[in-house]
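Go by the hints and put chain W onto chain E.
Chains E and W supply the protein sequences, listed in that same order.
Counting with the numbering used here, you get residues 1 to 333 for the letters of the first sequence.
Counting with the numbering used here, you get residues 1 to 333 for the letters of the second sequence.
Honestly, the hints are just simulated from the structure, not real lab data.
Some hints here could point you the wrong way.
Copies of the same chain are indistinguishable here, so a pair counts whether it falls within one copy or spans any two.
[What the hints assert, rightly or not] Okay, derived cross-link-like pairs now, SDA-like style, lysine to any residue, Cα gap no bigger than 25 Å in a straight line:
id, residue 1, residue 2
1, K58, G133
2, K58, E131
3, K293, E241
4, K58, E100
5, K306, V25
6, K279, A230
7, K58, E180
8, K203, P245
9, K293, D209
10, K203, K281
11, K58, D136
12, K153, G29
13, K153, E300
14, K318, D260
15, K21, Q308
16, K21, K113
17, K318, E14
18, K21, A325
19, K306, F233
20, K153, D47
Number of protein chains: 2
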Amino acid sequence: MEKRISLAHGDGGELSHRLIKSVFVEAFGHNNEAMFDASALTIPVRDIAVTTDSFVIKPVFFPGGSIGKLAVAGTVNDLAVSGAKPLYLTCGFVIEEGFEISDLRAIVSDMAKEAKKTGVTIIAGDTKVVERGSADGVYINTTGIGIYENGRKPSLQFTEGDAVIISGTIGDHGIAVLAERGELGISVPIDSDCASLNTMLLKVCEEIDDVRIMRDPTRGGLATTLVEIAEDFSLTIVLNESSIPVREEVHGMCELIGFDPLYIANEGKAILIVPNEHKDKVMEILLQFPEGKDAAVIGEVTGTEKGQLLLETPLGSKRLLTRLAGMMLPRIC
Amino acid sequence: MEKRISLAHGDGGELSHRLIKSVFVEAFGHNNEAMFDASALTIPVRDIAVTTDSFVIKPVFFPGGSIGKLAVAGTVNDLAVSGAKPLYLTCGFVIEEGFEISDLRAIVSDMAKEAKKTGVTIIAGDTKVVERGSADGVYINTTGIGIYENGRKPSLQFTEGDAVIISGTIGDHGIAVLAERGELGISVPIDSDCASLNTMLLKVCEEIDDVRIMRDPTRGGLATTLVEIAEDFSLTIVLNESSIPVREEVHGMCELIGFDPLYIANEGKAILIVPNEHKDKVMEILLQFPEGKDAAVIGEVTGTEKGQLLLETPLGSKRLLTRLAGMMLPRIC
Chain E
1 MEKRISLAHG
11 DGGELSHRLI
21 KSVFVEAFGH
31 NNEAMFDASA
41 LTIPVRDIAV
51 TTDSFVIKPV
61 FFPGGSIGKL
71 AVAGTVNDLA
81 VSGAKPLYLT
91 CGFVIEEGFE
101 ISDLRAIVSD
111 MAKEAKKTGV
121 TIIAGDTKVV
131 ERGSADGVYI
141 NTTGIGIYEN
151 GRKPSLQFTE
161 GDAVIISGTI
171 GDHGIAVLAE
181 RGELGISVPI
191 DSDCASLNTM
201 LLKVCEEIDD
211 VRIMRDPTRG
221 GLATTLVEIA
231 EDFSLTIVLN
241 ESSIPVREEV
251 HGMCELIGFD
261 PLYIANEGKA
271 ILIVPNEHKD
281 KVMEILLQFP
291 EGKDAAVIGE
301 VTGTEKGQLL
311 LETPLGSKRL
321 LTRLAGMMLP
331 RIC
Chain W
1 MEKRISLAHG
11 DGGELSHRLI
21 KSVFVEAFGH
31 NNEAMFDASA
41 LTIPVRDIAV
51 TTDSFVIKPV
61 FFPGGSIGKL
71 AVAGTVNDLA
81 VSGAKPLYLT
91 CGFVIEEGFE
101 ISDLRAIVSD
111 MAKEAKKTGV
121 TIIAGDTKVV
131 ERGSADGVYI
141 NTTGIGIYEN
151 GRKPSLQFTE
161 GDAVIISGTI
171 GDHGIAVLAE
181 RGELGISVPI
191 DSDCASLNTM
201 LLKVCEEIDD
211 VRIMRDPTRG
221 GLATTLVEIA
231 EDFSLTIVLN
241 ESSIPVREEV
251 HGMCELIGFD
261 PLYIANEGKA
271 ILIVPNEHKD
281 KVMEILLQFP
291 EGKDAAVIGE
301 VTGTEKGQLL
311 LETPLGSKRL
321 LTRLAGMMLP
331 RIC
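Excised from the complex, chain E in its bound form (with noise of 0.2 Å):
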């Protein structure tokens, strides 16, 4: 076979379809067809969550994982931090002309591991090739449906004193992703947080059954997130400071570079919103997962009329946080 990608291969022949056989459908264990057309399901509830995210990271491979687990775990969580358990995954791949056909082998290689670690099935994919130049390397779009299997969906319901949870560090994606770009100057030894977080999350919303709300705090990180759930339902969210957790390198390369944590993203961490009396449950079932071992009540919501987020410091002091702006960090996820 071929080393490398041409554009042959995206013209829907004969070259597409060996590509398609011995990379996609070796590893999705799929007939032709699936792969091809429209794929027929039928699902067991009637109740589903659907979303849709495109994969621009650069570079494809960093520490902690690559674009392909990146494209399963991130539309993962997007379905388990709705309370649906993922089932299927469709993905669409847009190729750049000279891509090396094993890194692309490898990155199916690694959807198909992290696609079976999660219980989700690829049930359709498609392939593009666009000339050199055209693209940087492959971009990767996953599609999900999940079932809300025992109608347990966060609430959207909140009442003051309810507590703000993070499942562990944040800014660990961000930092490793930028530090393996070399645009950092050092190198940096971290890993990016890239999971899956559905049985975590799913665990959850299994033991708590008024799980206010929970989102997965990636492109302009836990504080844009936050910002978001303020606004939405005018909540007045306080953030104590001192207790959210950074790693050491995380924090000291942030300063280095004039960055803020709070607005770095992550690939497998989720924010909780949870009644106030619940919270030490919640925190004792996270604290049972690797992906959860560094949660911590991070804040409160102590109004539920006017939209806003505060961080409290450490000195007792507070400032309005809003969303990430004027901060280039492209191509991050």
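Frame of chain E, contents of chain W only:
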């Protein structure tokens, strides 16, 4: 608002938020949340079809359509040929830094229009921005979910004598796009056939209860799609060359540049294989629709063992057709 897409439009922060609100939410009529997160749905039945397709067509506007119209129609058609009624669509955008926001708006408006026309709802979206030179304008992934309402999927069971029908002239899309790119050296007064076929094809499935198969001959054209069908189901299919509808302009242009219309992409055509005794009824249905006005019976299944596609010329000789190979038509869809 800014005139062009900047990297900050893709960072998940303030500008991303404004772009989504002002371009996508405005056109698709959604609340914020649905565009960011998993969309929760209750689907009418549990038998569903799912398909995914990425669109990288160049140029993004062409006679008869745009990448936006195509991204909806293409995925709608993938569902419709499987016998499913298209209901929901997700869309994922990869946009190059510097892309004109007015063009993006026009594309999104075309998507909204085509979605409305076909009765599908856009339920989730995602936007990524890559640096100048890391994409060419905009790429769109659409993933579609349809339902099998009355259980009338094509049977995929064939017998000798089954009729092969094409719903209209072939090659219009490919030639229109090549002409628009200036690759033909002369202008050709031809529009792409880009169109959603769901209403027409579902009407056929409703009226005829043993449709064998339906497929849309996009990349690779009529011949490649029929080779796939012949191979997948071990059929011998004989096409009657003189009955295949080809516009004079397409025919002439193909002669001039040495292309075979049998291998040129279509974006608003369907192949239908139906029992011989129902071919007249199917033709009658197709001819009622503007999209089917040039439909023709173009061949038949002559055997169910071999897996080959033959073309019978007007002089009575037969030649074996294979998949598209070695004809460079990148970014035709």
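Evaluated hints:
Taking the shortest alpha-carbon separations for K58 and G133, both the intra-copy value of 15 Å and the inter-copy value of 14 Å come in at or below 25 Å. In this homomeric assembly, K58 and E131 come within 25 Å of each other (Cα to Cα) both inside a single copy, at 18 Å, and across copies, at 11 Å. Within a single copy, K293 and E241 get their C-alpha atoms as close as 19 Å, which meets the 25 Å cut-off; across copies the closest is 68 Å, which misses it. For the identical chains of this complex, K58 and E100 are neighbours both inside a copy (15 Å) and across copies (24 Å), given an alpha-carbon limit of 25 Å.
Proximity of K306 to V25 under the C-alpha cut-off of 25 Å is restricted to the inter-copy arrangement: shortest distance 23 Å between copies versus 52 Å within a copy. Taking CA atoms no more than 25 Å apart as the test, K279 paired with A230 passes inside one copy only; the shortest distance there is 19 Å, against 60 Å between copies. For a Cα distance limit of 25 Å, the shortest separation of K58 from E180 inside one copy, 9 Å, qualifies, whereas the shortest one across copies, 33 Å, does not. Taking identical chains as interchangeable, the C-alpha atoms of K203 and P245 lie at most 25 Å apart only when both belong to the same chain, with a minimum of 22 Å there against 59 Å between chains.
Taking CA atoms no more than 25 Å apart as the test, K293 paired with D209 passes inside one copy only; the shortest distance there is 22 Å, against 57 Å between copies. Taking the closest pair of Cα atoms, K203 and K281 come within 25 Å of each other only inside a single copy of the chain (11 Å); across copies the shortest separation is 55 Å, beyond that limit. In the homo-oligomer, the alpha carbons of K58 and D136 lie at most 25 Å apart both inside one protomer (8 Å) and across protomers (17 Å), since each shortest distance falls under that limit. For a Cα distance limit of 25 Å, the shortest separation of K153 from G29 across copies, 24 Å, qualifies, whereas the shortest one inside one copy, 32 Å, does not.
When the C-alpha separation of K153 and E300 is checked against a cutoff of 25 Å, the pair qualifies only within one copy, where the shortest distance is 21 Å, while the shortest distance between copies is 52 Å. With identical chains, the CA atoms of K318 and D260 are at most 25 Å apart within one copy only, with a shortest distance of 16 Å there and 70 Å across copies. Only between protomers do K21 and Q308 lie at most 25 Å apart by alpha-carbon distance; the minimum there is 19 Å, versus 52 Å within a single protomer. For a Cα distance limit of 25 Å, the shortest separation of K21 from K113 inside one copy, 18 Å, qualifies, whereas the shortest one across copies, 36 Å, does not.
Taking identical chains as interchangeable, the C-alpha atoms of K318 and E14 lie at most 25 Å apart only when they sit on different chains, with a minimum of 21 Å there against 63 Å within one chain. Taking CA atoms no more than 25 Å apart as the test, K21 paired with A325 passes between copies only; the shortest distance there is 16 Å, against 44 Å inside one copy. Proximity of K306 to F233 under the C-alpha cut-off of 25 Å is restricted to the intra-copy arrangement: shortest distance 9 Å within a copy versus 63 Å between copies. Taking the shortest alpha-carbon separations for K153 and D47, both the intra-copy value of 11 Å and the inter-copy value of 23 Å come in at or below 25 Å.
Of the numbered hints given earlier, the model fails none.
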